[in-house]
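2 protein chains.
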Amino acid sequence: MKQKLVETITSRDVDFAQWYTDLCLKAELMDYSDAKGFIIYRPYGYAIWENIQSFLDTRFKETGHENVYMPMVISESLFQKEKDHVDGFAPETAFMTTKNQDEQEEKLIIRPTSEVLFCQHYAKIVSSYRDLPKKYNQWCSVVRWEKTTRPFLRGKEFLWQEGHTIHRTEEEAKKETLDMLQIYENLGKDLLAIPFVTGRKTEKEKFAGAEETYAIEALMHDGKALQSGTSHYFGQGFAQAFDIKFQDQDSKIKHVYQTSWGVSTRLIGAVIMVHGDDEGLVLPPYVAPTQIIIIPIQSNKEVVQTATNQVYEDLKKAGFRVKVDDSNKSPGWKFSEYEMKGVPVRVEIGPRDLENNCVTITTRHDRNKVQIKIDELVEKMPNVLKDMHETLYQNALKHVENNTYVANTYEEFKTLIEKGGYIKMSISGEEAELIIKQDTAATARVILIDEPLITTVCPVTNKQATQTVLFARAY
Amino acid sequence: MKQKLVETITSRDVDFAQWYTDLCLKAELMDYSDAKGFIIYRPYGYAIWENIQSFLDTRFKETGHENVYMPMVISESLFQKEKDHVDGFAPETAFMTTKNQDEQEEKLIIRPTSEVLFCQHYAKIVSSYRDLPKKYNQWCSVVRWEKTTRPFLRGKEFLWQEGHTIHRTEEEAKKETLDMLQIYENLGKDLLAIPFVTGRKTEKEKFAGAEETYAIEALMHDGKALQSGTSHYFGQGFAQAFDIKFQDQDSKIKHVYQTSWGVSTRLIGAVIMVHGDDEGLVLPPYVAPTQIIIIPIQSNKEVVQTATNQVYEDLKKAGFRVKVDDSNKSPGWKFSEYEMKGVPVRVEIGPRDLENNCVTITTRHDRNKVQIKIDELVEKMPNVLKDMHETLYQNALKHVENNTYVANTYEEFKTLIEKGGYIKMSISGEEAELIIKQDTAATARVILIDEPLITTVCPVTNKQATQTVLFARAY
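Respectively, the protein sequence lines represent chains P and X. For reference, each letter of the first sequence is one residue, going 0 to 474 in numbering that gives the first Met the number 0. For reference, each letter of the second sequence is one residue, going 0 to 474 in numbering that gives the first Met the number 0.
Keep in mind the hints are simulated off the structure, nothing from the lab. Be a bit skeptical, because a hint or two may be false.
One copy or two, either will do: identical chains are not told apart, so a pair holds if it fits within one copy or between any two.
Claimed, not checked - Mimicking DMTMM-like on lysine to aspartate or glutamate, the simulated pairs with C-alpha atoms at most 25 Å apart in a straight line are: (1) 244 to 30; (2) 60 to 49; (3) 418 to 178; (4) 462 to 325; (5) 106 to 145; (6) 80 to 386; (7) 244 to 169; (8) 146 to 104; (9) 123 to 438; (10) 134 to 27; (11) 372 to 430; (12) 372 to 411; (13) 60 to 312.
So here's chain P without its partners, still in its complex pose:
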């Protein structure tokens, strides 16, 4: 065999980065491609993304959003219309060229994000307040020429969704920005079992061209933070640059208010690094491509085959994502294989259990084994999954709580940052952020909007503290 599935992976407390890479490959989530920095999303990894897509797409549509598809290229002059935006993305842009291209033709940038395409289209199709709001979303891949890449976390191409909306009033656009942030927070709570911390980005960290950027941040097992999604309020900046105007009910011509928001396949990286352990991936049950793996023991026995088929059919009919592995590998090999792949529930069906009309189920996250009566299995399974989801969420929440610190002095901050985790500190502003980043490599994750000041003076600059910020070293 060229590929051995069941090998031990590096322990995550020995070398977290190596553990992560080992797991991505050995759980068959991805593979490297010939082109440096571009990865292959293998079926098991892509299926996780499909479940995330399905969760979000349903909620986007329920809240009145429509999907579109914009070209993957942007003419250079269009891209350069909004100054902050071009400054933010220009260093990473890639171009599309051909042998047959007319030399006179403009350069084509491969989209790193599609704000400008939506802006140009909106300017064309909107003329009256009756045309508003427009709430469009797009599922696609984007290209950013990153120097260092890591599977799912940073790549030259990644998959994402980008929502772009325009509104009649500031109030409505601001509400949209926060509503979408809420949907992302729910994605964490209800599907990924990740307790995202949400808040506003500092001026320094906000998106190129945005007035306000909100983010969901997750804390990985190693104490580093991962920005997992963002929602931007643009005000009228892009609308002015791209001339997106409408005639309001009062007959006056006005510019629209705009938002954009997105999450990417980076979320797969978050799931791996929040829940995974030394045996491999641990998938929360609602996002898992396979929720239940059935492994017959002594599968040559007819009684085992009959029970296996019955249990499979019953679970499938009840709507669970279930598979049987009746290959001729040993049960021990299979156990390791599905632990590596993080399948939430394993059902063993063997002759001894069957004598008592039972099967043995093992939950992946705690490796807890229990016997269950066959005729109670389908009925009990929803609670098994629900308890598992809840436990994973609570464990992740405890990890956040146990690794969130408060710094009253800069010395305290410097000591705490070495432990990993989040540190709350009240700072004066960008000047402090720059010093902190230089000294400690920590960055401002979010401004904690409803938190009072910890100190009235910024411990870094000794100037007046203006905001309480959550810091961390981040991916």
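Let chain P serve as the given structure and place chain X on it in line with the hints.
Quick look at chain X alone, frame taken from chain P:
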């Protein structure tokens, strides 16, 4: 208003090409982008594609296929491994370049199709007969640098799915090729109401690198054919070029047998040109993003509002894709607007109808109006849609039957081809195809596999006829 929705479009019998373009824009299916040859898929057009995706994706998964995502770029050396393939695609390739690219690095081709990426990955992950078959599919966009482009029919970028499978035996791979062709044929019959003609492509017309190419062909209203999807049997050609080998049960090392198959957003063009009329788009009910549009008449009256809400809720609960237009545009304006957009069923709810507990429904394809009792509406709607789907299919089938001719002589062929439609003729082979194309611009659509020879001698070359071929001028 910058855009007027309800304008008359060019009559399709006056200028079919102009009718098509008018309709694409005015039904709001697409818009042009800044980058020449790249289009914007607007919400209404993209929703048609989403319904096609949903139909196919379900059937792909039911038949054991898994989705993956490969990089959008291919290194030049990888692309050049299979000679026929590179000859077929090289003239249209586009490249990805960056300012930050290492001069030493290889050129990156933006995928025009992804055979070689799947081949390389399969070679890496397959080693035993136990690993077979692998049946992968990918939803993505591809880039081909076409000189002349038309919305949905030919563009520099288009959306599609590409399936790539590898098998242990020739028999299994050939079965897969035809099974997928069958799924495409069912897509026509059950979703798009298009009677595809299926058959094998001639040696001249087959896919670059394939041993056999099968296709679904549709006949447009103007008598031109549109290749709407293909399924290829590759034999072991790519497997040898890319060294995709496995150890079989008999311990021998063998090359796999391979297939690929795909359909694209071109299908949207087929739907438009098969069913559309001078009032605009006509959408078959099962692929229509909105199946029923409710238009209240005198919507300021409370009785109308109450009935409108009730009918909307009932239809929605019953699972129909239904919308209400209670905007302050005139009913006549709205009628034209939804006719242009091809919404299958219009439900008018007005005070006069309500006196008799009725509503008026109008079916788009025949503009037939009937009164229906409100409490029978939900119950009757499935049959209204079913009848409409069946009628559209039968109309399209009649169009094919009425425009399919048999040519016994080349003179006959040349006369018939001017009428438009399909012509069956028995030919000697590629030599005849080349002459026919040169003389008449008609091309071989498919070889009709089970059809007997019409003449024993080829009317074009006077050599022995070997196959009966369906010819047409094509998009």
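Hints and how they fare:
With identical chains, the CA atoms of residue 244 and residue 30 are at most 25 Å apart between copies only, with a shortest distance of 19 Å across copies and 46 Å within one. In this assembly of identical chains, residue 60 and residue 49 lie within 25 Å of each other by CA distance both inside one copy and across copies; the values are 16 Å within and 13 Å between. For the identical chains of this complex, residue 418 and residue 178 are neighbours neither inside a copy (34 Å) nor across copies (58 Å), given an alpha-carbon limit of 25 Å. Taking identical chains as interchangeable, the C-alpha atoms of residue 462 and residue 325 are never at most 25 Å apart, the minima being 68 Å within one chain and 58 Å between chains.
In this assembly of identical chains, the alpha carbons of residue 106 and residue 145 lie at most 25 Å apart whether taken from the same copy (20 Å) or from different copies (17 Å). Taking the closest pair of Cα atoms, residue 80 and residue 386 never come within 25 Å of each other, the shortest separation being 51 Å inside a single copy and 52 Å across copies. Taking the shortest alpha-carbon separations for residue 244 and residue 169, only the intra-copy value of 14 Å comes in at or below 25 Å, while the best inter-copy value is 61 Å. For the identical chains of this complex, residue 146 and residue 104 are inter-copy neighbours only, at 14 Å across copies versus 29 Å inside a copy, given an alpha-carbon limit of 25 Å.
With identical chains, the CA atoms of residue 123 and residue 438 are never at most 25 Å apart, being 48 Å at best within one copy and 44 Å at best between copies. Only between protomers do residue 134 and residue 27 lie at most 25 Å apart by alpha-carbon distance; the minimum there is 16 Å, versus 36 Å within a single protomer. In this assembly of identical chains, the alpha carbons of residue 372 and residue 430 never lie at most 25 Å apart, being 64 Å within a copy and 72 Å across copies at closest. In this assembly of identical chains, the alpha carbons of residue 372 and residue 411 never lie at most 25 Å apart, being 55 Å within a copy and 76 Å across copies at closest.
Taking the shortest alpha-carbon separations for residue 60 and residue 312, only the inter-copy value of 17 Å comes in at or below 25 Å, while the best intra-copy value is 32 Å.
In summary, the numbered hints that this structure violates are 3, 4, 6, 9, 11 and 12.
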